[in-house]
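Novice: Below are the chains, spelled out letter by letter.
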Amino acid sequence: MTLAELAITVALLGALGLLARRLGMSAIPAYLLAGLLLGPNEPKQLALVSPSEVTDFVAELGLVFLLFFLGLEFSLERLSRTGRHVGLGGAVDLLVNAALGLFVGVLFFGATPAAVILAACLYVSSSAVAVKGLIDFRRLGDDETDLVLAILVFEDIAIALVLGFAAAGGGGPSDTLVVVLKALGFITAGLAASRWLARPLDRLLDRLSVEFFLLAVFGFLIGSAAVAEELGLSEAIGALMAGVVLSETSLREQIEERFFSFRDVFAALFFFVFGLSIDISALGDLGWIVALAVLVTLVGKIGAGMVAGRIGGFTTRQGFNAGVALVAHGEFTIILAQLASGNPSIDPADRADLVAFAGLYVLATATIGIVLMKESKRLGRLLFPIRTLAPEA
Amino acid sequence: MSVDLQETRLPGVGVKYTFRTARGGKLAVILHMDGQREIYYYERAADDEPTAVIELHDDEARQLGAVIGGAYERPKIVEELEMALGELQIEWIPVPDTSPAIGRTLAECALRARTGVTVIAILREPEPVSGARPEDAIQQGDTLVAVGKAGQFAEFRKLLNEGPFEPPA
Numbered sequence: 012m013t014l015a016e017l018a019i020t021v022a023l024l025g026a027l028g029l030l031a032r033r034l035g036m037s038a039i040p041a042y043l044l045a046g047l048l049l050g051p052n053e054p055k056q057l058a059l060v061s062p063s064e065v066t067d068f069v070a071e072l073g074l075v076f077l078l079f080f081l082g083l084e085f086s087l088e089r090l091s092r093t094g095r096h097v098g099l100g101g102a103v104d105l106l107v108n109a110a111l112g113l114f115v116g117v118l119f120f121g122a123t124p125a126a127v128i129l130a131a132c133l134y135v136s137s138s139a140v141a142v143k144g145l146i147d148f149r150r151l152g153d154d155e156t157d158l159v160l161a162i163l164v165f166e167d168i169a170i171a172l173v174l175g176f177a178a179a180g181g182g183g184p185s186d187t188l189v190v191v192l193k194a195l196g197f198i199t200a201g202l203a204a205s206r207w208l209a210r211p212l213d214r215l216l217d218r219l220s221v222e223f224f225l226l227a228v229f230g231f232l233i234g235s236a237a238v239a240e241e242l243g244l245s246e247a248i249g250a251l252m253a254g255v256v257l258s259e260t261s262l263r264e265q266i267e268e269r270f271f272s273f274r275d276v277f278a279a280l281f282f283f284v285f286g287l288s289i290d291i292s293a294l295g296d297l298g299w300i301v302a303l304a305v306l307v308t309l310v311g312k313i314g315a316g317m318v319a320g321r322i323g324g325f326t327t328r329q330g331f332n333a334g335v336a337l338v339a340h341g342e343f344t345i346i347l348a349q350l351a352s353g354n355p356s357i358d359p360a361d362r363a364d365l366v367a368f369a370g371l372y373v374l375a376t377a378t379i380g381i382v383l384m385k386e387s388k389r390l391g392r393l394l395f396p397i398r399t400l401a402p403e404a
Numbered sequence: 142m143s144v145d146l147q148e149t150r151l152p153g154v155g156v157k158y159t160f161r162t163a164r165g166g167k168l169a170v171i172l173h174m175d176g177q178r179e180i181y182y183y184e185r186a187a188d189d190e191p192t193a194v195i196e197l198h199d200d201e202a203r204q205l206g207a208v209i210g211g212a213y214e215r216p217k218i219v220e221e222l223e224m225a226l227g228e229l230q231i232e233w234i235p236v237p238d239t240s241p242a243i244g245r246t247l248a249e250c251a252l253r254a255r256t257g258v259t260v261i262a263i264l265r266e267p268e269p270v271s272g273a274r275p276e277d278a279i280q281q282g283d284t285l286v287a288v289g290k291a292g293q294f295a296e297f298r299k300l301l302n303e304g305p306f307e308p309p310a
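Protein sequence lines correspond, in order, to chains G and Z. Using the numbering used here, the letters of the first sequence map in sequence onto residues 12 to 404. Using the numbering used here, the letters of the second sequence map in sequence onto residues 142 to 310.
Misleading hints may appear alongside valid ones.
Unchecked claim - Here are the simulated distance ranges between beta carbons:
1. Z:TYR158 / G:PRO51: 49 to 55 Å
2. Z:ALA186 / G:LEU118: 43 to 49 Å
3. G:ARG210 / Z:THR246: 51 to 57 Å
4. G:VAL382 / Z:GLY166: 26 to 32 Å
5. Z:THR192 / G:ALA360: 35 to 41 Å
6. G:GLU264 / Z:ARG203: 17 to 23 Å
7. G:ALA203 / Z:GLY282: 49 to 55 Å
8. G:ALA227 / Z:VAL144: 55 to 61 Å
9. Z:GLN147 / G:GLU386: 25 to 31 Å
10. Z:GLU201 / G:GLY196: 47 to 53 Å
11. G:ILE322 / Z:TYR158: 23 to 29 Å
12. G:ALA203 / Z:ARG203: 35 to 41 Å
13. Z:ILE231 / G:ALA203: 57 to 63 Å
14. Z:LEU205 / G:PRO355: 56 to 62 Å
Claimed, not checked - Listing some non-contacts, in silico: residues in chain Z with all C-beta distances to chain G over 10 Å:
15. THR149
16. PRO152
17. THR159
18. ALA169
19. GLN293
The hints are simulated quantities; they were obtained by calculation from the structure and are not laboratory data. We treat Cβ as the ideally placed atom computed from N, Cα and C, and that holds for glycine.
Using the sequences and the accompanying hints, generate a full structural model.
Specialist: Below you can see the structure in the form of structure tokens.
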């Protein structure tokens, strides 16, 4: 990748991102689309950037920043205050959608690790798209918004536990067990560190000038990612834990403020680079599975929203709104597929399919999800009219 | 009537406060993490579309909060209190450091007998005297809370500043 190519890439990302914003869409599908257009696969007229060590490295940084920010939001204290819907709503969503996802996965990949990854890809909705939609469509004041956000928190935790498996699991049963245990150990250590290290870290970082503050945090982040990678886990878990450790310090907001721009730039490039490897000609083989997955997602997510809503004491329409907000998939689906694409325990053909599937599936659900979300209240009124009482005789 | 204010964390967004209004509507106030505020008003609590949404910057929200909270207008309760007092006033009067009254009890100073103004409380560190009694002594740094008619306070201040008082018994 040359500077000129990078310039064109960034300009296109900016333009498409802006366009998506105008249309009220999330930027994530726009970035994927940019990668798809400029990548070496169809359409070939625009093929400008091919995956290389440079693009891989940039994407890796994007992944690290995305998970770092997820970790920063993770603090135990904040999680414990999210309220009553997290457990119940989250469990309903997990049971319904992981099961449906596994069904689709086994149907396509057979009983392989790839099927598990696909199940996770279908299970985890996009926090980024959902939150943006809730804000843009003025849903924050609605009661069911609490349920949506609670379910998203539950999904984030569940996915943190799957990251290790996606990156290295799926060999023999004992290997997989070791990977999962290592991941759990690393996460536990991170949570413990966030409790005990918060104060010393606070004091240390407080003394640094702005320049060294940036470098110290960045060094800690990359160091943590590198350690996790050396342990045979994934850089993703290391980055997540770096975020968790720093989330309990008083500097969390400052860190977020300083690193927002880094995250936005590198996350955009991450989705772009992922887009490069989407092969749209695979639609011939994958088309039916993507279509099935989208259908299953619509049924599973809306169904889960309505069931969770019923349990949580919401009306049918409110449950419907909640479910619709969970249809869009995005960053986590892509992250899981990206991690799986480097997992040696998964069959190479399956890995390529997973990447193409995830890209197309996110493009479809993010678009459908946002459109549905915009119209969900009108749809809700049509589908679930309030029964008027029969006039008294 | 107390308002049943519900606080909910919105992970990744901020905090939401919700309550039902007496007229059957619902108000939701959202404090975004970036300082932005939003007020959602639902005319009927069961409405699924808000009747109105107000977006405010941090400074605008603070201003609005002050106006609604009554910082700019005398709230009714203050007016009522003044009405109840009629022509009486309450004033806060710091005791000058040079006042001859320091070290004397209120009874010795005979402030009420000589000016008509009654000391009802004494503000002092660390503990204020809430119901001032005749045997309470005035100390350096005190602020006297006194009730009297408008015209009586000038004389009260003069006496407090200059005396003369009877020598202590």
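Novice: Next, verify each hint and record whether it holds.
Specialist: Now for the hints, and whether the structure bears them out:
For the hinted restraint 49 to 55 Å between TYR158 (chain Z) and PRO51 (chain G), the CB-CB distance of approximately 52 Å keeps it satisfied. One distance hint, 43 to 49 Å for the beta-carbon pair ALA186 (chain Z) and LEU118 (chain G), holds here, with the actual separation near 45 Å. As the Cβ distance of ARG210 (chain G) to THR246 (chain Z) is approximately 53 Å, the hint placing it in 51 to 57 Å holds. Remark: the range hint 26 to 32 Å for VAL382 (chain G) to GLY166 (chain Z) is upheld by a beta-carbon distance near 30 Å.
Between THR192 (chain Z) and ALA360 (chain G) the CB atoms are about 56 Å apart, so this pair departs from the stated range of 35 to 41 Å. Taken as a hint, the range 17 to 23 Å holds for the pair GLU264 (chain G) and ARG203 (chain Z), whose Cβ atoms sit roughly 19 Å apart. Hint check: ALA203 (chain G) to GLY282 (chain Z), Cβ distance near 52 Å, so the stated range 49 to 55 Å holds. Remark: the range hint 55 to 61 Å for ALA227 (chain G) to VAL144 (chain Z) is contradicted by a beta-carbon distance near 46 Å.
In this structure the supplied range 25 to 31 Å holds for GLN147 (chain Z) paired with GLU386 (chain G), their Cβ-Cβ distance being about 28 Å. The beta-carbon spacing between GLU201 (chain Z) and GLY196 (chain G), approximately 49 Å, falls within the hinted interval of 47 to 53 Å. Taking 23 to 29 Å as the suggested C-beta distance range, the pair ILE322 (chain G) and TYR158 (chain Z) conforms, at roughly 25 Å. Evaluation of the 35 to 41 Å hint for ALA203 (chain G) and ARG203 (chain Z) yields a pass: the beta carbon distance comes to about 40 Å.
Between ILE231 (chain Z) and ALA203 (chain G) the C-beta distance comes to about 58 Å, which sits within the given range of 57 to 63 Å. A beta carbon spacing of about 59 Å between LEU205 (chain Z) and PRO355 (chain G) agrees with the range 56 to 62 Å that was offered as a hint. The Cβ of THR149 (chain Z) sits about 5 Å from the closest Cβ of chain G, inside the 10 Å cut-off, so the non-interface label is violated. Not every beta carbon of chain G lies more than 10 Å from that of PRO152 (chain Z), the smallest distance being close to 5 Å; the non-interface claim is violated.
At the 10 Å boundary, the C-beta of THR159 (chain Z) falls inside the reach of chain G, the nearest C-beta of that chain being 8 Å off. Non-interface status of ALA169 (chain Z) relative to chain G is broken: a Cβ of that chain comes within 10 Å, the nearest being about 4 Å off. Taking the minimum C-beta to C-beta distance to chain G, about 54 Å, the non-interface status of GLN293 (chain Z) holds against the 10 Å cut.
Hint check: violations occur at hints 5, 8, 15, 16, 17 and 18; the rest are consistent with the structure.
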